[in-house]
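These protein sequence lines are chains A, B, C, D, E, F and G, in that order. Read in UniProt numbering, the first sequence has 68 at position 68, and its numbers run on one by one without any break. Read in UniProt numbering, the second sequence has 191 at position 191, and its numbers run on one by one without any break. Read in UniProt numbering, the third sequence has 19 at position 19, and its numbers run on one by one without any break. Read in UniProt numbering, the fourth sequence has 185 at position 185, and its numbers run on one by one without any break. Read in UniProt numbering, the fifth sequence has 253 at position 253, and its numbers run on one by one without any break. Read in UniProt numbering, the sixth sequence has 181 at position 181, and its numbers run on one by one without any break. Read in UniProt numbering, the seventh sequence has 169 at position 169, and its numbers run on one by one without any break.
Just so you know, the hints here were simulated from the structure itself, not pulled from any lab data. Using N, Cα and C, we set each Cβ at its ideal position, and we do this for glycine too. Any given hint could turn out to be false.
[As the list claims (entries may be wrong)] Cross-link-like lysine-lysine pairs, in silico, DSS-like; alpha carbons within 25 Å at most:
#: 1; chain 1: E; residue 1: Lys-70; chain 2: D; residue 2: Lys-33
#: 2; chain 1: B; residue 1: Lys-115; chain 2: C; residue 2: Lys-70
#: 3; chain 1: G; residue 1: Lys-33; chain 2: G; residue 2: Lys-115
#: 4; chain 1: D; residue 1: Lys-33; chain 2: D; residue 2: Lys-115
#: 5; chain 1: G; residue 1: Lys-70; chain 2: G; residue 2: Lys-33
#: 6; chain 1: C; residue 1: Lys-115; chain 2: C; residue 2: Lys-33
#: 7; chain 1: F; residue 1: Lys-70; chain 2: E; residue 2: Lys-70
#: 8; chain 1: B; residue 1: Lys-70; chain 2: A; residue 2: Lys-115
#: 9; chain 1: F; residue 1: Lys-115; chain 2: F; residue 2: Lys-33
#: 10; chain 1: C; residue 1: Lys-33; chain 2: C; residue 2: Lys-70
#: 11; chain 1: F; residue 1: Lys-33; chain 2: G; residue 2: Lys-115
#: 12; chain 1: G; residue 1: Lys-115; chain 2: A; residue 2: Lys-70
[Unchecked claim] From chain D, some residues computed to sit far from chain E (all C-beta separations above 12 Å):
#: 13; residue: Asp-19
#: 14; residue: Ser-57
#: 15; residue: Gly-105
#: 16; residue: Glu-151
#: 17; residue: Gly-156
#: 18; residue: Glu-160
#: 19; residue: Ser-196
#: 20; residue: Glu-200
#: 21; residue: Ala-243
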Amino acid sequence: MQGQQQQAYDRGITIFSPDGRLYQVEYAREAVKRGTASVGVRTAEGVVLAADKRSRSELMEPASVEKLHKIDDHVGIASAGHVADARQLIDFARRQAQVNRLRYGEEMGIETLTKTVTDHIQQYTQVGGARPFGVALIVGGIENGEPRLFETDPSGTPYEWKALSIGANRADVREHLEAEYHEELTLEEGIELALSALSESGEETGLEPDGVGLATIEVGDEQYVDHDAASIEGYLDEFSLLAAPEAESEDGDEPVDE
Amino acid sequence: MQGQQQQAYDRGITIFSPDGRLYQVEYAREAVKRGTASVGVRTAEGVVLAADKRSRSELMEPASVEKLHKIDDHVGIASAGHVADARQLIDFARRQAQVNRLRYGEEMGIETLTKTVTDHIQQYTQVGGARPFGVALIVGGIENGEPRLFETDPSGTPYEWKALSIGANRADVREHLEAEYHEELTLEEGIELALSALSESGEETGLEPDGVGLATIEVGDEQYVDHDAASIEGYLDEFSLLAAPEAESEDGDEPVDE
Amino acid sequence: MQGQQQQAYDRGITIFSPDGRLYQVEYAREAVKRGTASVGVRTAEGVVLAADKRSRSELMEPASVEKLHKIDDHVGIASAGHVADARQLIDFARRQAQVNRLRYGEEMGIETLTKTVTDHIQQYTQVGGARPFGVALIVGGIENGEPRLFETDPSGTPYEWKALSIGANRADVREHLEAEYHEELTLEEGIELALSALSESGEETGLEPDGVGLATIEVGDEQYVDHDAASIEGYLDEFSLLAAPEAESEDGDEPVDE
Amino acid sequence: MQGQQQQAYDRGITIFSPDGRLYQVEYAREAVKRGTASVGVRTAEGVVLAADKRSRSELMEPASVEKLHKIDDHVGIASAGHVADARQLIDFARRQAQVNRLRYGEEMGIETLTKTVTDHIQQYTQVGGARPFGVALIVGGIENGEPRLFETDPSGTPYEWKALSIGANRADVREHLEAEYHEELTLEEGIELALSALSESGEETGLEPDGVGLATIEVGDEQYVDHDAASIEGYLDEFSLLAAPEAESEDGDEPVDE
Amino acid sequence: MQGQQQQAYDRGITIFSPDGRLYQVEYAREAVKRGTASVGVRTAEGVVLAADKRSRSELMEPASVEKLHKIDDHVGIASAGHVADARQLIDFARRQAQVNRLRYGEEMGIETLTKTVTDHIQQYTQVGGARPFGVALIVGGIENGEPRLFETDPSGTPYEWKALSIGANRADVREHLEAEYHEELTLEEGIELALSALSESGEETGLEPDGVGLATIEVGDEQYVDHDAASIEGYLDEFSLLAAPEAESEDGDEPVDE
Amino acid sequence: MQGQQQQAYDRGITIFSPDGRLYQVEYAREAVKRGTASVGVRTAEGVVLAADKRSRSELMEPASVEKLHKIDDHVGIASAGHVADARQLIDFARRQAQVNRLRYGEEMGIETLTKTVTDHIQQYTQVGGARPFGVALIVGGIENGEPRLFETDPSGTPYEWKALSIGANRADVREHLEAEYHEELTLEEGIELALSALSESGEETGLEPDGVGLATIEVGDEQYVDHDAASIEGYLDEFSLLAAPEAESEDGDEPVDE
Amino acid sequence: MQGQQQQAYDRGITIFSPDGRLYQVEYAREAVKRGTASVGVRTAEGVVLAADKRSRSELMEPASVEKLHKIDDHVGIASAGHVADARQLIDFARRQAQVNRLRYGEEMGIETLTKTVTDHIQQYTQVGGARPFGVALIVGGIENGEPRLFETDPSGTPYEWKALSIGANRADVREHLEAEYHEELTLEEGIELALSALSESGEETGLEPDGVGLATIEVGDEQYVDHDAASIEGYLDEFSLLAAPEAESEDGDEPVDE
């Protein structure tokens, strides 16, 4: 009967179930879980964004697995879930940030930017004729000299976090973050925490530099910095997170953004 | 057969069932019940709004759990239910209040504001192409020197209350309010009643300062005051409502706004 | 098979059943029956409107249970059924009455006003994309010195009555009205009939002043008068309709407008 | 299987069944049959329209049961079926007649008027987004000195008749008309035929003046005349059609326009 | 399984079935078969249109059973099927013919007129939001001194014929036409063939003048001539096609346009 | 289960099935197969179009069975399938060819014309609110002195062919074409091949001149020539393809365009 | 139950399934697999595009099987899947490239072009009223002197590759590419790899020149070069990839673009 019940709510565009849930939104959350993990960590010195960007084949250019996106000098976004949907929201966020600069002559606040995005997402859950976005975002940046870190989910709810992960194995990664996080992390400690958390999201031990994305925005210069593979390899080595140089990632059951 | 009957009314957008009910609206009320509680108390000295804003994780910024919203100097709103929907109505209320100031050069009345919001909500229950709002609001403020306290529900009906709660465990909390409320409450007694009512909405004994929101609007200055954690801790301590400093709120079955 | 048959007609927006009925309209009539009763009585001296406005809780402001509405000086409306829908029609009626004054410099006739409202209601039963209104109205007022009393129902049909009730227990109340009504009623006798009819609509004996609404429009001054609780208590006392001061109205199975 | 077959055609807006019928139109015809009867008789001296307008309660104003409608000086319409739908078509017909007078400075022909109405009705049976009209009309009037009598049905087909009935018990009434009609009827004989035919449509013997509507348009003055209760009582008495003054019309199974 | 298969294609607006048929169009053809027959015969001297226009009751005006329609001086149309749909196409054809005269100062060609109508019909079989027309037409007229005779069907296909019938018992009537038609028919022989073919379409022997429509357009004057009952009676008598003056046409199972 | 599976994909407008097919497009291809065959042959001297245009009755004008259409001086189209749909595409092609002449002062290329038509067809397979076209076309003509021969199918795909058939018995006819075609055919040999291929598409032996359409466009004059029955009879006789003058084509199971 | 589950998600336009997948997008990917393969290889000297363009019949012009498309001088696209859908995207890409040249006076970057196309594709997976595109593309070209090679899939996700295949037998071909690819390939080695990979996609051994498309864009001149059959035959011969000159490709089970 569970099956039948559920069918009824799937047919129409996003409507309520008898227990007050929006199934299409919950299914969109499943789409997020199917994607590889992204992690965000807020430290006193700045914000760290890290992402699992393993590709399905050694022939795919790692750079084309887009998980980290610069939105403006002072703000970046990490995504998890349906890649093409993420692109729409990233474009939307970039246009909003640009318009804000043009109209008000100043950087857009991280919270304002996040909420502009979530309000846009919410529309796709209430008004008919379209499906919700199957993607979650981590919005990180510097606002008035303070590091800020937000999450947007498919329902269009904004949350602010000290550290969080989205995508695969969220529960495990959160546990790791809750255990290791403290408020006095340096940026480098934040990077270590983000990368170690990321390594919890996959089934293998350790990470490969090519399969990881890392970006930081420091309080000092408020500049989004996209770390290259060499830099990442350095960190992984330093934190003993480098994968053993054995088998290629198989095209198996692991979550992969698509 | 109950199951089959019900299916029929779920498919289309908000239509009547044979017994004259609007199922989508009733399911939206379930969405409200899934949210954490908010409480409003009207006293002769002013209006008290309180909200359960426990977060799902210690890593989430308590401030980002939005349950209390300043609408204008003299009016605030507490919400329960679908967070992203609440944001739409809060934005709508703020715009209405602003427009009223610009157009008529004066504050918008609490009753007028409430009914503008409920008329907006009603449209989403009658005209096709969208679902109802899955959120209830407590609108509290000062109008012509008098404290006023209103409720909006997903059907778009406005009610005025002396004291009320929305969200989780509404029946229990109302019982508490009916037992303890009297017309001659001072503002501080109103705060005590609101917080003690809120503590009835959860399963644990006592409240944690970080997990509570508290706002007051006094008759004297007609200013929305958002109380900080220290102030709230003071009240909780004074009223013996502080939770024992033991276990973290588990990510269990308790209702959480989403 | 009855169940299956019926399902078929519920899915689409208001269409005919094989026996020529509009199910969505009939279900909307059920929504009216779920509401508390309103009564109208026409006397030679004026029109009486009375309504059961018991609230669900002692904490709810009785004044916020809107059942009687002044539309213009010379005309009022009593409603029963879905409250938020009633508000839409009341607003519509008020705008029509205002426009009539502005455009023609005179009061709108009661019959014209009623039919403008019913034509509006009918549109929601024929054109797709919306559901019918789940509310019935009693429109009462003075037109050319004559008291007039009309009913609008969810199908959009206007009827003129000498005395009528809408909402809960309509059949019982009508029987009472048919037995007691006569053309030579004074206004006070009309008030007595309206209140005694109202007391037939609930399960308890007698009425509480706070749970009753009463409005009159006399032929003499053509002014809508909303009677206050003291005035109502006086009438109830005079007509031996006061409830025994015992138990609170329980939040039970009695119909309540929502 | 008949049941299943039929369901399929009910869901969509007016589409063809495998045997080439439009079910929604046929169901709308059932709505007509559920209404009380109206009768039209054409005589050499003029047109007679009569209608069963018994009300559901002695408290309902007989005048508010609208079955006969003056459209213009020279033309009237009798209706049967869904009352609110009838009002839409009556309004449409009146506007058309007015526009014709304004635009061409002359009365609109009865046939032209009828076909303008039926073409309007047809649109609601072919284009999606609305249901057909659940009402039939008898359009009677004088055109170029000649009495004309037309019928419109829910499919939008115009027919011209010498005498006809619509609504309840149509087959019985038609039989009566076919047996009694002849071309040389005087107007008074036409009134007798119309009233006696009307008395065939109900289950009781005889008619009550208050429950009957009667209108005539004579060739001589081309003026729509709405006969009052006294005049009708005179005719009923003269033609021995008066109901015995016994029981009230019960609110039973008899068809009633709604 | 046939039943289930078919259901699937009936729900949506005109779509293809697995064997490449358009069910809604085929059902519309059934609507044509439900109508009384019309016949067209092309002779060297002109075009003959004849139609079965028996009415359902002796009280119905035979002239109001519209089966033959003058479109312009030189062209007429006979219809079969859903009457209200036919009126739409007849109006469309008349407007096209008028526009052609106004724009180009000359009569519209019969073939061009037909194809303008069929293209209009086709739109209702391909674009959603409306159902196909449930009517077939015979378009007959003179073009450049030549008699032309076309058919339009519910799919929107134009065919040119020497002689054809549409509506009830088409197969039998065609057989009769194929057996009797030859190219050298005079107009009078064409009338005889048309009327004798028409008499094949019903179940009774012979035709009644009032139940037959007859129109001719001769090559000589290119004028649409609508023959009156006397003229038709003369032909029926001359061709021994007069019905025996016995029983009235019963309101039985015979096809009747509706 | 096959049946159930399939039903699911038929209800909505053209969507993908689990194996990546567009059922509505495939069903439209079935509509093409239900039509009589058309054949195109490209020779060095020009293009040959031939079509089976047998009519359903001897009373139907063969010329009204439209299978070959002149689009412009240098290009013609042969169709198979749903006739009314074909007319839409033919009109579209003619307008495109005209617009090209007006805008660029030169003939439209055959390939460009074909692709403009197929792009139009594709829209009806992707965007909702309409069904695909149930027709295939052979577009033949001269472009820059070269004969070109294209096919359009219901999916909107353009193919270029040396020789092809569309409609009934396509597989058999193609086999015949593949066996007999060679690049050095003269135009007359091309006509022979087209006609002999056409004779493979039906069940009878040989062709009747009246039931065949033949058009050629030669490289020399680039003029579309529609061959008359006498010319066709000559070819059929010459190539021993004349049907024995026996039985009429019965209205049986043979495919016929409708 | 799998079957039933799935049905529910197929009916509406692209919505999420309970496990977070977009079935219509996944079914569109099946449409891609049904098409013949295309291959792209990036070498230091330029980009190679190759495609299996076997036709279904020897009478079809090989050139009309469109798999390789020049978009601008410096960029080409190879497609696999639904041909008519591919044409829409190719046209879209060409217009974008042209507009870029006009607006900015320079060539459009390969990555920008790809993402403009994928964003267009994404819209068809989220907004209702249309189905997704059933086609994948390989976009190859030179950007700032660097060879680039991208893939677009039906979800609207862009990926950059060193070498890839789309369409039939993708897994086998990828395996071949992964085994043979290295970064130092010369253009000729790239051609060899592309053609040998292509030969893995079919069931037969070897390729026929007419059934293969080959295009290259070299870093030196940035010119899209479409290789003719002779050139292709040369390469196939050189690389020992020529099919044995035996049997014709049968119209069997092999994937063919349609």
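Structure-based check of all given hints:
no.: 1; hint: E:Lys-70 - D:Lys-33; in the structure: violated (35 Å)
no.: 2; hint: B:Lys-115 - C:Lys-70; in the structure: holds (16 Å)
no.: 3; hint: G:Lys-33 - G:Lys-115; in the structure: holds (22 Å)
no.: 4; hint: D:Lys-33 - D:Lys-115; in the structure: holds (22 Å)
no.: 5; hint: G:Lys-70 - G:Lys-33; in the structure: holds (23 Å)
no.: 6; hint: C:Lys-115 - C:Lys-33; in the structure: holds (22 Å)
no.: 7; hint: F:Lys-70 - E:Lys-70; in the structure: violated (32 Å)
no.: 8; hint: B:Lys-70 - A:Lys-115; in the structure: holds (16 Å)
no.: 9; hint: F:Lys-115 - F:Lys-33; in the structure: holds (22 Å)
no.: 10; hint: C:Lys-33 - C:Lys-70; in the structure: holds (23 Å)
no.: 11; hint: F:Lys-33 - G:Lys-115; in the structure: violated (40 Å)
no.: 12; hint: G:Lys-115 - A:Lys-70; in the structure: holds (16 Å)
no.: 13; hint: Asp-19; in the structure: violated (5 Å)
no.: 14; hint: Ser-57; in the structure: holds (35 Å)
no.: 15; hint: Gly-105; in the structure: holds (23 Å)
no.: 16; hint: Glu-151; in the structure: violated (9 Å)
no.: 17; hint: Gly-156; in the structure: violated (4 Å)
no.: 18; hint: Glu-160; in the structure: violated (3 Å)
no.: 19; hint: Ser-196; in the structure: holds (15 Å)
no.: 20; hint: Glu-200; in the structure: holds (15 Å)
no.: 21; hint: Ala-243; in the structure: holds (27 Å)
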